[in-house]
Amino acid sequence: AQSVAQPEDQVNVAEGNPLTVKCTYSVSGNPYLFWYVQYPNRGLQFLLKYITGDNLVKGSYGFEAEFNKSQTSFHLKKPSALVSDSALYFCAVRDQGRGYQKVTFGIGTKLQVIP
Amino acid sequence: ETGVTQTPRHLVMGMTNKKSLKCEQHLGHNAMYWYKQSAKKPLELMFVYSLEERVENNSVPSRFSPECPNSSHLFLHLHTLQPEDSALYLCASSQEPPFRGTGVSDEQFFGPGTRLTVL
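Chains A and B, in that order, give the protein sequences.
Numbering of the first sequence is given in the working numbering, commencing with residue 1 and proceeding in unit increments.
Numbering of the second sequence is given in the working numbering, commencing with residue 1 and proceeding in unit increments.
Careful, some of the hints might be misleading.
[Stated by the list, open to error] Taking lysine-lysine and the DSS-like style, the derived pairs with C-alpha atoms no more than 25 Å apart in a straight line are: (1) A/K102 x B/K18; (2) B/K22 x B/K41; (3) B/K40 x A/K49.
Calculated from the structure, these hints are not laboratory results.
Work out the full structure: start from the sequences and follow the hints.
As structure tokens, this is what we get:
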């Protein structure tokens with residue numbers, strides 16, 4: 001069955017330091033992978049996605065994610081964290097197969113950037 | 001803002017009430033989604049509509065009834081809900097219908113959600 005794991009409930013990082021939010025996935029075929037961010041009292045906001053090609057994907061607000069097929073991972077990264085990056089981050093996966101393919105979301109990781 | 005609006009933003013209802021949640025997208029998208037978000041749980045897909053046709057009904061109880069009268073509007077009709085149905089209900093849309101499979105434009109744009117409390 002298709003699944004997404006975000007192993008950390010919360011990640012704390014000091015402002016200015018690099019951050020990583022982890023995600024691993026499982027699909028039967030090749031994946032489309034997504035990262036979304038949710039600020040308090042808001043809906044989810046799309047950050048970036050991997051379809052095919054370059055394993056390093058760049059997205060909004062200086063975020064990037066690295067696709068690693070052998071480790072089935074798609075970790076979210078940013079070189080220098082800002083306090084305003086504090087939010088809930090969701091990883092999602094969809095199979096690239098033909099026909100309707102459901103998107104599965106992870107449980108979310110709370111990122112806390114400490115001033 | 002994302003171009004997806006939801007009303008009401010907050011709703012408190014008794015178990016015997018009937019109410020409806022409304023979602024509207026101003027993006028010209030072809031697909032719309034309902035999700036349930038509960039604390040400490042993965043986002044739960046409820047329904048998917050593609051070009052006004054329902055393509056997903058993810059084992060949702062019949063007390064939740066979706067309606068998609070056109071590609072811009074999506075409703076979730078609620079009746080005889082249970083306290084465990086209390087959650088944030090999110091609507092989303094995407095340009096590409098989820099069955100096309102190219103992945104080019106299938107990222108989802110979410111509304112702010114309706115916080116539902118069932119007493």
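Each hint, compared with the structure:
1. A/K102 x B/K18: violated, 29 Å
2. B/K22 x B/K41: Roughly 24 Å between the alpha carbons, so the hint for B/K22 and B/K41 holds.
3. B/K40 x A/K49: holds, 24 Å
Checked against the numbered hints given earlier, the structure breaks only hint 1 and satisfies all the rest.
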